[in-house]
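Q: Residue-level listing of the chains:
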Amino acid sequence: DGGITQSPKYLFRKEGQNVTLSCEQNLNHDAMYWYRQDPGQGLRLIYYSQIVNDFQKGDIAEGYSVSREKKESFPLTVTSAQKNPTAFYLCATEIAGGPDEQFFGPGTRLTVL
Amino acid sequence: AQKVTQAQTEISVVEKEDVTLDCVYETRDTTYYLFWYKQPPSGELVFLIRRNSFDEQNEISGRYSWNFQKSTSSFNFTITASQVVDSAVYFCALSEAKTSYDKVIFGPGTSLSVIP
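The listed protein sequences correspond, in order, to chains C and X.
Per this note's numbering, residue 1 is the first one in the first sequence, and the count goes up by one each step.
Per this note's numbering, residue 1 is the first one in the second sequence, and the count goes up by one each step.
Don't read these hints as lab results, they were simulated from the structure.
This one's a predicted model, so the numbers in the text were calculated from it and none came from an experiment.
Beta carbons are placed, not taken as given, at the ideal position from N, Cα and C, and that holds for glycine.
Keep in mind that a hint or two might mislead.
Some, not all, of what chain X presents toward chain C, calculated at C-beta under 7 Å [stated by the list, open to error]:
#1 P40
#2 P41
#3 E44
#4 R50
#5 F54
#6 F68
#7 A81
#8 V85
#9 S95
#10 F106
#11 P116
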């Protein structure tokens, strides 16, 4: 099946720990995005990547890091520097040359204990 | 600056009622794109529609219809004869597409509950 997978679905982290959220796609899309969703708020962009080995900061990149070593994969690391990491994280892809519809994964809910 | 406002935080309707979700946007650009996405309880956003700023024709897709009015900077979404499966959070979004990437600004969302 074509689509986007995110794992894990639920993630619990102790304060001070780094955690990595996985995002894999087989849609052959060039662009990939990470968004953060908090209750009652829209999605806010963390990082985006338009091509392998290149990525750019979004609006709320502080405390996060990413890599794009393969077209299919765009993992997000939530570092201990992120002061309020508890949120719902969504990965999305888009065919380059948009703006076009974005395709979203099922999300990862991160809770800091 | 870009901004998307969805003034209705939560709406509840009884099944088979019609419901309109409001979206008001702000942009200085003349070329832009508007979107609607649906987020069911499973969490995954689903694309519903894209409209560019040069196309003000209203669109109908089954029970869904969209009313784009540049004069009032609005892009409202109407569900006719609502069903329980329509219960979800709906996001309106705006992209100016003049930056180096397709930055999308999402509104805060409207949570729709359709009661059987």
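Q: Each of the hints needs a verdict: does it hold here or not?
A: Going down the list of hints, with the structure as the test:
1. P40: violated, 11 Å
2. P41: violated, 11 Å
3. E44: holds, 5 Å
4. R50: Interface hint status for R50(X): holds (6 Å vs cutoff 7 Å).
5. F54: violated, 14 Å
6. F68: violated, 16 Å
7. A81: Interface hint status for A81(X): violated (25 Å vs cutoff 7 Å).
8. V85: Constraint on V85(X) not satisfied, violated at 18 Å.
9. S95: holds, 4 Å
10. F106: holds, 3 Å
11. P116: violated, 25 Å
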